[in-house]
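Q: Following the hints, position chain B against chain A.
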Amino acid sequence: MDRETELALVGRLREGDAGAFDAVYAEYHARLYNFLARLSRSRDVAEDLLEETWLRLVAHGRRLQADTRLGPWLYTVARNLFYSYNRSRQIDESCAAGLLGLWPAGTRQPSPFEEAAARELERRVEGALASLPARDREVLLLVGVEGLAPAEAATVCGVTAETMRQRLSRARARLDLALGRTAPGPVMLAREVTP
Amino acid sequence: MTADDSRVEPSMRELSVLTVHAPGPARAARTTARCHAVMARQRRRASPTMAPAPPVWRRRLEPALVGGLCAVFLLEVIGRALKLYGF
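Protein chains in written order, with the numbering used here: chain A, 139 to 333; chain B, 138 to 224.
Keep in mind that the hints were calculated from the coordinates and are not lab data.
Treat the hints with care, as some may be off.
[Stated by the list, open to error] Here are a few chain B residues that face chain A, going by a calculated C-beta distance under 8 Å:
(1) 148
(2) 160
(3) 165
(4) 171
Owing to the predicted nature of the structure, the values given are computational and were not obtained by experimental measurement.
The C-beta atom is built at its ideal place from N, Cα and C for all residues, glycine as well.
Here chain A stands alone, though its shape is the one from the complex:
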């Protein structure tokens, strides 16, 4: 979505235009769902949080700033809802291993080797991602999957650009480690000995 279209949609949302809501919904619904599902590691939780995210947009639509960036705004709301949910449920990060296999395994029919290899890679990446702490997952999802610029991801997470750079670097190192690619680097070791 280009900036001009986005600004027009924000203007129409401020006037309570249901058509503008539908356009924003069509653009972001699946993306937000995938973000929340991978962040929460639960499809049911993701659907609940997603619905609440859209209701927040509708409730605050008339009070949006004229220059609001819809993507970062929606991801910020979704992320905050996830952390509120997490706080209320006190989910333990260490239970990641038991929550793998979030998505269906795919088609049951036999497939060519390339497809199998691709699925295997996806399964490994999905598993590695799910094994990371939520703080790492969110930056990888925002920048690596959703394509937000690191500066936008910093806004979503409420941190400075420099902090985001460090968090991204640490998350990448942890993802590499989870994928069995590299030994922990100095960043990881420094992080692990820090209380």
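A: Chain B only, in chain A's frame:
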């Protein structure tokens, strides 16, 4: 390495293999229906009411009448309280 370079790192590139899944259609329909209902409520609230405005004499008389009745009631209460305590 700049912050933008981080997106072309191998580990970040591998994140692109992740499938984009769609939420359940029934839940999606429920979500849009709820959002549209909220927007419709907001529109109704924002638009001027369709009921005709009361006439000017009634708008002025009503508060005066209610205020007068309240004053009478209050005076009666005070009078009875004074009588009760022997004043």
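Q: State for each hint whether it applies.
A: Against the structure, the hints:
| no. | hint | result |
| --- | --- | --- |
| 1 | 148 | 5 Å, holds |
| 2 | 160 | 4 Å, holds |
| 3 | 165 | 7 Å, holds |
| 4 | 171 | 6 Å, holds |
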